[in-house]
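Chemist: Letter by letter, the chains look like this.
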Amino acid sequence: MASNSSGGGGEGGSSDRQRIAQQRLRIIAGHLQRPADDGLIVLAAECKGQNNKTEASSEGRTVPRRRQEIMKWNGWGYSDSKFLFNKKGQAEFTGKRYRLSGMIMPALKDWFEGTFGASLQHKTPATPVLTSSAVQPPTLNEAFVEELKSTGISFSHNAEDRVFRAHGHCLHEIFALREGKFGRVPDMVVWPNCHNDVVKIVELACKHNVCLMPYGGGTSVSSALECPPEETRSIVSLDTSQMNRILWIDEKNLTAHVEAGIVGQDLERLLNESGYCTGHEPDSMEFSSLGGWVATRASGMKKNIYGNIEDLVVHIKMVTPRGVIEKSCQGPRMSTGPDIHHFIMGSEGTLGVVTEVTMKIRPVPEYQKYGSVVFPNFEQGVACLREVAKQRCAPASIRLMDNEQFKFGHALKPQVSSIFTSFLEGLKKLYITKFKGFDPNRLCVATLLFEGDREKVLQHEKQVYDIAAKFGTWGWTTM
Amino acid sequence: MTSSFGDSGRSGPLDEEELVDILEERRRSSDLGHALRTFSPHPYKGAPTCSAADLNKAVLESQHLHYITKEVAMETGATVEEVREEASGILEEMSQNLQLGFIRLMGYPLSKVSKKLFRSIFVNMEGLNRLQQAVQENPVILMPNHRSYFDFLVISYIMFTYDIPVPVIAAGIPLAGMKLVGRILRRSGAFFIRRAIGSDKLYWAVLSEYVKTIVRRGFAPMEFYVEGLRSRTLKSLTPKLGMMNMVLEPFFKGEVFDITLVPISLSYDRVLEESLLAHELLGAPKPKESTTGLLKATKVLQEDYGSMFVNFGRPLSVRDLCQDKINRCQYNLIPRDLPQKPTAEAQACVSWLAHLVVRIQEEGSVISPWSLMASLLLQAPTAVLTEEGLPWHRLTEKTLWLRRLALDFGARLNWPGGVPDSNVMQSNLVLHRSVAQRKTGRVYLVREDEPARKHLISPEEDAHRTAAAVLMMASYRNQCLHIFVRPAMLATAIHITKSGQKDELSTFFCFLQDIFSNEFIFIPGRSSQDFEEACFLLKKSGAVHISQEEVTVLDAGLEVLSFLQALLQPFIESYQVVFRYLCENGPHSFSEKQIIPALRDWTTKLILSGELHTYEALSSDTQKNVLSALRRLEIVTKSRASEQNEFGVNREAVKRIGDILSGKIPPQSLHPTPLARL
Chain A
1 MASNSSGGGG EGGSSDRQRI AQQRLRIIAG HLQRPADDGL IVLAAECKGQ NNKTEASSEG
61 RTVPRRRQEI MKWNGWGYSD SKFLFNKKGQ AEFTGKRYRL SGMIMPALKD WFEGTFGASL
121 QHKTPATPVL TSSAVQPPTL NEAFVEELKS TGISFSHNAE DRVFRAHGHC LHEIFALREG
181 KFGRVPDMVV WPNCHNDVVK IVELACKHNV CLMPYGGGTS VSSALECPPE ETRSIVSLDT
241 SQMNRILWID EKNLTAHVEA GIVGQDLERL LNESGYCTGH EPDSMEFSSL GGWVATRASG
301 MKKNIYGNIE DLVVHIKMVT PRGVIEKSCQ GPRMSTGPDI HHFIMGSEGT LGVVTEVTMK
361 IRPVPEYQKY GSVVFPNFEQ GVACLREVAK QRCAPASIRL MDNEQFKFGH ALKPQVSSIF
421 TSFLEGLKKL YITKFKGFDP NRLCVATLLF EGDREKVLQH EKQVYDIAAK FGTWGWTTM
Chain B
1 MTSSFGDSGR SGPLDEEELV DILEERRRSS DLGHALRTFS PHPYKGAPTC SAADLNKAVL
61 ESQHLHYITK EVAMETGATV EEVREEASGI LEEMSQNLQL GFIRLMGYPL SKVSKKLFRS
121 IFVNMEGLNR LQQAVQENPV ILMPNHRSYF DFLVISYIMF TYDIPVPVIA AGIPLAGMKL
181 VGRILRRSGA FFIRRAIGSD KLYWAVLSEY VKTIVRRGFA PMEFYVEGLR SRTLKSLTPK
241 LGMMNMVLEP FFKGEVFDIT LVPISLSYDR VLEESLLAHE LLGAPKPKES TTGLLKATKV
301 LQEDYGSMFV NFGRPLSVRD LCQDKINRCQ YNLIPRDLPQ KPTAEAQACV SWLAHLVVRI
361 QEEGSVISPW SLMASLLLQA PTAVLTEEGL PWHRLTEKTL WLRRLALDFG ARLNWPGGVP
421 DSNVMQSNLV LHRSVAQRKT GRVYLVREDE PARKHLISPE EDAHRTAAAV LMMASYRNQC
481 LHIFVRPAML ATAIHITKSG QKDELSTFFC FLQDIFSNEF IFIPGRSSQD FEEACFLLKK
541 SGAVHISQEE VTVLDAGLEV LSFLQALLQP FIESYQVVFR YLCENGPHSF SEKQIIPALR
601 DWTTKLILSG ELHTYEALSS DTQKNVLSAL RRLEIVTKSR ASEQNEFGVN REAVKRIGDI
661 LSGKIPPQSL HPTPLARL
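Residue numbers (the UniProt record's numbering), protein chains in the order written: chain A, 1 to 479; chain B, 1 to 678.
Worth flagging that the hints you see were computed from the coordinates, not collected in a lab.
Bear in mind the structure is a predicted one, so any value in this text is a computation, not a measurement.
Misleading hints may appear alongside valid ones.
[To be verified] Straight-line Cα separation of at most 20 Å, SDA-like style, residue types lysine to any residue; simulated pairs:
1. K341(B) with N403(A)
2. K327(A) with Q63(B)
3. K252(A) with L333(B)
4. K70(B) with K123(A)
5. K253(B) with S434(B)
6. K70(B) with R65(A)
7. K502(B) with L554(B)
8. K390(A) with Q459(A)
9. K57(B) with I334(B)
10. K123(A) with N86(A)
11. K341(B) with S274(A)
12. K341(B) with L247(A)
13. K360(A) with I334(B)
14. K369(A) with N272(A)
15. K70(B) with N403(A)
16. K252(A) with L338(B)
17. K413(A) with N403(A)
18. K252(A) with L554(B)
19. K327(A) with K253(B)
20. K327(A) with I334(B)
21. K624(B) with A196(B)
22. K341(B) with I246(A)
23. K253(B) with E379(A)
24. K252(A) with A196(B)
[To be verified] Cβ-Cβ distance ranges computed for the label pairs, FRET-style:
25. R319(B) with C206(A): 32 to 40 Å
26. P229(A) with R319(B): 52 to 60 Å
27. W76(A) with R319(B): 54 to 62 Å
Cβ atoms here follow ideal geometry from the backbone N, Cα and C, with glycine treated the same way.
Extracted from the complex, chain A is given alone in its bound form (with noise of 0.2 Å):
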């Protein structure tokens, strides 16, 4: 949602960005005309057995086994929240998990409408249910199959678990997936449940000649989870979810260590419950895994507190097929080189699979509080970011809005009850716009989140907003 904010990269110039989004187009368009043959040879007896092992009780964590269970097995996040438009033609967020589920808004319509000429009459719906005589049946390497299945480790060539976990999320794979269109996928799924596991399965594919791709939470935007279509060995998912423990937490020296599968929420939630956090929020958390952020070099949005994954893993332990890797000590770090640790991190699960991983963690901070500054336009909202990187006072999270993006979050703004809210809001609007003489289609926002504790956030807030005084802004906190 929002432009780059906190790593540094990403901001090329306009005709790469054009480049990278023709490409994109191009890939979208070859997985819509590949020939369809490869996908449509039915076989009845695919797809049976595995579907009625009861699923292991992964203790209140989020992702379970069968993932489609209660994810879209064709788009981002739980099947039960997603836009839709109601019998009334109104905008409408479903569910119940969200703040803004259940909630009509009003302005999301005009702005389709306005913003890329849609019209509600024109409907393109996504292929409702996954039809597994779609899927190329699996190539399967007997030899490794029946060697997995002595380990009694948990494997399956279920369609719908090999589909799910064929694609990232990037626009043209769920594109594809929209339209009921599968290229390769992997061939079998397995679930390890411990690093133990991991090293097995490692083994086993060496032995056997199987591809093993690591699948973390799925979040993936580098296409690195698309199976080359080429590929003529049995392809394998190496599921992490089931490795979703924390093994322990040092309160002295303020780290801890995780199993790789965990996702985001639940990593954070257990550490707020022994009253600490990892600060490592990337817009994915909710799915993503810490493996994943290992592999991917991921960044949060507070890494100017916390620092990006890089600066916040302390020890990785990876499989690969050449035996496990891994420092001997726990030193953040050594002054010694080049580390090992920066050949892991970012190689996308073609080394390896991180299976523990030793990250900081910090208390849970005291206080937080977030916060908006207005621009009349994007070239002063620039400078004055760059005042504060000057500065060196950046809160934990600063992110510059174009108009484009305020202009939706704008759409996205839930239909309010109150008289009062709306009549502020309005007010708010009113001043920016009249009193200040911002022009609404040029004006822009930075978000920030300030943390600590309460008398430096405060102090620190000052000295933020006082900067952006200097370039004719207004700010307002929010929370």
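Using the hints provided, position chain B relative to the given structure of chain A.
Modeler: Same frame as chain A, now just chain B:
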């Protein structure tokens, strides 16, 4: 090549060493003066001293205990506060409160009592000097063997006398229960450990944190008995590893640079509790430690117990010893304070070190002439010993022969020079008149006086009277067993296999080691060296000729071989008795509580029927050792079904072992799975 580990004591006669009788000074000057002497030890350089209160505080506030407290609270549903309260209670029960004043208070009566009991207490000054040095450099662990209640505090007494920091001592909780004495002991540095801790997580945590804190801080040496308890048989016991684990952990985890282990060998000419111990072996309950009991025991003061020897072994650096034994990197990956189970590698390393220490204790112990005499006396049939007696001149002759053999094998023999040999032997016999007596040129086994009772004593009671005397004498033989056990096993192997092939003998030797590793101390993973050592010693004594592949018995060696083989015979017979019982009569499953008395009754019957001549088979220690060996070999297994340690027996396997031991079938691997022994 007799392996002198770390040179505990130089092998050979004692007179070359500088032994100082600490009682001599006490006999010359005032005991009160001694108790009030200026005590100025060189302290440990690493850290300041630490009061008992500081120590307890550090333990209670440790991160480790903090974790466990939380865990226990979660498991039991109690609040963290309550669990902390409980931990604090445990610590209170456990902790020492070392105060110099009480060492002085104890010093005075100890001087008095020692002089009354012993002719002299010899200490090797060289060892003491090395200790004095070591104490300043690294945390020191004093590891004496445990033969008598008197062991307790004698080391503190010596340390006090020679200006070395007084140790804190691990003791059994019953001592704490003694009126007044418990309190005095606590203030003399004793801390008290419960016997059956079982799976009490909180107790383990408090104890291990307490021990580790003492080691980490290093302000005082720590003393503990690695054998765990007093040896009823005067033979070294298989080391217990729990305490050893705790003591070594600070080194494994890199919390201290090194730890110094000092094996200490305490040897008594005559042990105060000799007859009590023999009766305990025959099933008499161990008298409860009590103050009144202690006062009643004052009658021991009227007897002569000869000399006592305290040999401080060469300090061992754990760091050096563990060099290739353990990869300490593994400890880097988990926070130190986190409770964790020792890895197999660590356990193997700890076990190896513990066995090594016990072996060094054995090597450092002093052998008395009486021990040699007892070994020879026991080789005569018991009936002969009680009825006809053994000719004195024959015993003299054999003892002098055995003295040569023992010296050949590297024994530290306390055979005074400058006195005719027969006088030495005579005085030893007099010292042990409670066990053996010389009448008209013959030596007899002395049985305890018949209890004055109205009714006649039953044959069973009579047999037990004989057994008590035999076991008492056997315990003195046991004092020198460690010298002979390896060559004796080779002699037995030669006798049973009737083979001269070295590899065949080696296989049988290893089999014996496997069976007897609860009986005698063998350092894990050294069987081939042990075998080589046995070969070397037999060759040295002129008993055999050894070529590349063969061992040839020499005519001149028959005497040595038959002595050695007879030395092991009572053990083999005792083991066979238990095997037979398990195969023929025993129930399929049993609890340890039931089986020992049942075994005793059965063995008594065998003896009375004349089928068995080995009274030693009545020793409950040996019986327990057999059962432990069978459990180790997984032939006797714990049945999970019941709560009360029920065991099941694999009779087939027991029979097989019995057959191998008697030479009916060749040895085969006993382990169900190849056990990795370090």
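Chemist: Is K624(B) within 20 Å of A196(B), Cα to Cα?
Modeler: 17 Å, holds
Chemist: For the pair supplied as a hint, K502(B) and L554(B), is the alpha-carbon distance within the 20 Å limit?
Modeler: Satisfied, since the Cα-Cα distance of roughly 15 Å is no more than 20 Å.
Chemist: Would you mind confirming whether the straight-line C-alpha gap from K57(B) to I334(B) stays at or under 20 Å?
Modeler: 25 Å, violated
Chemist: Under the criterion that the straight-line Cα-Cα distance not exceed 20 Å, is the pair K341(B), L247(A) satisfied?
Modeler: 14 Å, holds
Chemist: Quick one, are K327(A) and I334(B) close enough, alpha carbons at most 20 Å?
Modeler: 12 Å, holds
Chemist: For K252(A) and L338(B), compute the direct alpha-carbon distance and say whether it is at most 20 Å.
Modeler: Satisfied, since the Cα-Cα distance of roughly 11 Å is no more than 20 Å.
Chemist: Starting from K327(A), check that the Cα of Q63(B) is at most 20 Å away, please.
Modeler: 25 Å, violated
Chemist: Given the hinted pair K123(A) and N86(A), is their Cα-Cα distance within 20 Å?
Modeler: Roughly 14 Å between the alpha carbons, so the hint for K123(A) and N86(A) holds.
Chemist: Just tell me: holds or violated, for the beta carbon distance of P229(A) and R319(B) against 52 to 60 Å?
Modeler: 59 Å, holds
Chemist: Is K252(A) close enough to L333(B), meaning Cα to Cα at most 20 Å?
Modeler: With Cα atoms ~14 Å apart, K252(A) and L333(B) stay inside 20 Å; holds.
Chemist: Starting from K70(B), check that the Cα of N403(A) is at most 20 Å away, please.
Modeler: Outside the cut-off at roughly 52 Å; violated.
Chemist: Tell me if the straight-line CA distance from K341(B) to I246(A) falls inside 20 Å.
Modeler: Holds, at roughly 18 Å.
Checked against the numbered hints given earlier, the structure breaks hints 1, 2, 4, 5, 6, 9, 11, 15, 18, 23, 24 and satisfies all the rest.
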